[in-house]
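Participant: Chain by chain, the residues run as shown.
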Amino acid sequence: MSQHATVQKQLAAREKKTYWTRRRREQLAGWLFIAPEVIGMLVLAVFPLIFSLGLSLTEWNLVGGLSAIKFIGLDNFAELFRDDRFLQALKNNIGFTVGTVPVTMLLGVVFAAIIHKKLYFKNYFKVAFFVPYICSTVAIAAVWSALYHPSKGPLNQLLIQLGASDPPRWLVDTSWSLVAIMVIYIWQLLGYQIIIFMAGMTNIPDELYEAATIDGATGIQQFRRITLPLLGPTTFFLAITSIISSFKVFDMIKFLTNGGPNYSSTVIVYQIYEEGFQHFRMGYASAMSWILFLIIMLVTSLTWITQSRKVHY
Amino acid sequence: MTIRKIKLGPIVLTVLFGALSLFFLLPLAWMMSAAAKTEKEVWTFPIQWIPEDWHFAENFRTVWMGDVSFGLFYMNSIKIALISTLATLIVSAMAGYALSKLEFTGKGLIFSAMMAFMMIPEQATLVPRYIMIKEMGLYDTHAALILMGMFSSYFTFLLRQFMIGVHNDLLEAAELDGAGFFRIFWSVMLPLSRPILATVGIIKFIWTWNDYQGPLIMLNSTNLYTIPLGMQFFKEEFGTTISVMMMASLAAIIPLLVLFLVLQKQVIQGISIGGVKG
Numbered sequence: 001m002s003q004h005a006t007v008q009k010q011l012a013a014r015e016k017k018t019y020w021t022r023r024r025r026e027q028l029a030g031w032l033f034i035a036p037e038v039i040g041m042l043v044l045a046v047f048p049l050i051f052s053l054g055l056s057l058t059e060w061n062l063v064g065g066l067s068a069i070k071f072i073g074l075d076n077f078a079e080l081f082r083d084d085r086f087l088q089a090l091k092n093n094i095g096f097t098v099g100t101v102p103v104t105m106l107l108g109v110v111f112a113a114i115i116h117k118k119l120y121f122k123n124y125f126k127v128a129f130f131v132p133y134i135c136s137t138v139a140i141a142a143v144w145s146a147l148y149h150p151s152k153g154p155l156n157q158l159l160i161q162l163g164a165s166d167p168p169r170w171l172v173d174t175s176w177s178l179v180a181i182m183v184i185y186i187w188q189l190l191g192y193q194i195i196i197f198m199a200g201m202t203n204i205p206d207e208l209y210e211a212a213t214i215d216g217a218t219g220i221q222q223f224r225r226i227t228l229p230l231l232g233p234t235t236f237f238l239a240i241t242s243i244i245s246s247f248k249v250f251d252m253i254k255f256l257t258n259g260g261p262n263y264s265s266t267v268i269v270y271q272i273y274e275e276g277f278q279h280f281r282m283g284y285a286s287a288m289s290w291i292l293f294l295i296i297m298l299v300t301s302l303t304w305i306t307q308s309r310k311v312h313y
Numbered sequence: 001m002t003i004r005k006i007k008l009g010p011i012v013l014t015v016l017f018g019a020l021s022l023f024f025l026l027p028l029a030w031m032m033s034a035a036a037k038t039e040k041e042v043w044t045f046p047i048q049w050i051p052e053d054w055h056f057a058e059n060f061r062t063v064w065m066g067d068v069s070f071g072l073f074y075m076n077s078i079k080i081a082l083i084s085t086l087a088t089l090i091v092s093a094m095a096g097y098a099l100s101k102l103e104f105t106g107k108g109l110i111f112s113a114m115m116a117f118m119m120i121p122e123q124a125t126l127v128p129r130y131i132m133i134k135e136m137g138l139y140d141t142h143a144a145l146i147l148m149g150m151f152s153s154y155f156t157f158l159l160r161q162f163m164i165g166v167h168n169d170l171l172e173a174a175e176l177d178g179a180g181f182f183r184i185f186w187s188v189m190l191p192l193s194r195p196i197l198a199t200v201g202i203i204k205f206i207w208t209w210n211d212y213q214g215p216l217i218m219l220n221s222t223n224l225y226t227i228p229l230g231m232q233f234f235k236e237e238f239g240t241t242i243s244v245m246m247m248a249s250l251a252a253i254i255p256l257l258v259l260f261l262v263l264q265k266q267v268i269q270g271i272s273i274g275g276v277k278g
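Protein chains in written order, with full-length UniProt numbering: chain G, 1 to 313; chain B, 1 to 278.
Hints are not guaranteed to be accurate.
Claimed, not checked - Dumping the calculated PhoX-like pairs for lysine-lysine here, alpha-carbon to alpha-carbon at most 25 Å:
1. B:134 with G:248
2. B:134 with G:70
3. G:248 with B:235
4. B:235 with B:40
5. G:152 with B:235
6. G:248 with G:91
7. B:79 with G:118
8. B:79 with B:235
9. G:152 with B:79
10. B:265 with G:122
11. B:79 with B:40
12. B:134 with G:117
Unchecked claim - Computed spacing ranges between beta-carbons, pair by pair:
13. G:212 with B:64: 54 to 60 Å
14. B:220 with G:54: 23 to 29 Å
15. B:48 with G:229: 19 to 25 Å
16. G:120 with B:58: 38 to 44 Å
Please keep in mind that the hints were generated in silico from the structure rather than gathered at the bench. Being a predicted model, the structure only gives us computed values, none of them experimental. The C-beta atom is built at its ideal place from N, Cα and C for all residues, glycine as well.
From just these sequences and the hints, can you work out the full model?
Facilitator: So this is what it looks like as structure tokens:
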């Protein structure tokens, strides 16, 4: 009797052991370790994205509660393309991208090459150009809003001293507000571009430059023939991420101009904020969100397509 | 032994770039100087870099010892940034370990899905996330911000890339010694990943500290405000008092500036890994 019990126990133990094979334990561990991240992604990215697509087909003012949701099909999207503010925001966003991305990337790569190859105190320069990137955008915006003051600000005082009789009124001027914000944006982001380009440059083997020097290539030739082509992947990465972040610009706009004056500096994310969180038009704001999402998808895939043809690895 | 020829080019360029870099630092220098001035002196031109009439203490008092003080915003920011950073590190390190060293069904699919999620802009899901937070009863709480900030496929990706490089021998040795997967993760993988964890942690901390959009949408009560929102508050309260605003800006920037100057190597490295390997 007692012997039988022992054997049973041993069998049970062995069965348990064989069930929990290493492979099974690894399966379980894998799922447990990945679970929080996957749940987070589903709850905070996938579900909201689908939810917002659903919302975009409704008219819903949050103030009215859940019962006030009304299905209206594609009306929101139709309205978007008749909405002057949204069209202005779209135009401003495109202008913002065109005005900031090429400038920062060009300055970034040239500055990076010079700092990397030609300058003493390399580390100082890295840090000096990078400091604005670390600083809170809101704090930076506060500083620039003072520098931009139309009559008393140091910038216009300087311009007046240099002979400008009627300097731009920057943030309060409809034709300058967006440009003024672009200047701050470029100032803040340039250091980031320099750092990324320099990181890419350290991966280019020195032998290439040595060989080129022996062949008598000048610095500029080396930059054009070695540095630029070999920076392909870095440039590609920066192109995508900079275009995307230029479409997400919000902090400066909200803090400095609230999209004004007269919608001259409004952008899509600002419009989403205004419609969704100030007017509580959740359906309409969701439709805008989806336009933003589609634009970013389009940009990313277009860049991928051109990349596969142009980038040399 | 040859004496290296001193080249003129680099010296000239260094001086030129030295001047250019000062131009980049000028706005921040102006901020620091204005924070110590009287309102009148802020606007004198040519700029009086060293204040004639020191007003630092008065501005300091307005910002730090008023009815609603920056001290409170600081505590909120520190709390949120620390907790979200820690939570992100745990969640992302766990996922990174699973994706780099464990074999399980669906791993490939999950990894590709995560890469795709990286492309979903946070701004496109702002509205539904706000509604969800409201429905969960978390609107106007710090928990909302922490919850929103603790999952990042980008950081998971970075940690996975690093962990792939950790030698399997080390993990297998631990397994032979009888360690389970959790034990291996905690006692072998995490200590070995310390450099990347530090890097990711610093970047995440900086981003959270500077986040404006999240708190703007999720918070309502002034006593819950983080520093960027506190700046907005000061702008509304003291909009015309630039010296006070500059003192507030200084307060918002100083901790990160110090952190950055002390840990520049990790910060710069952290920013560059995404760009080179990504």
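Participant: Tell me, which hint numbers fail for this structure?
Facilitator: Of the numbered hints, 7, 9, 11, 12 and 15 do not hold.
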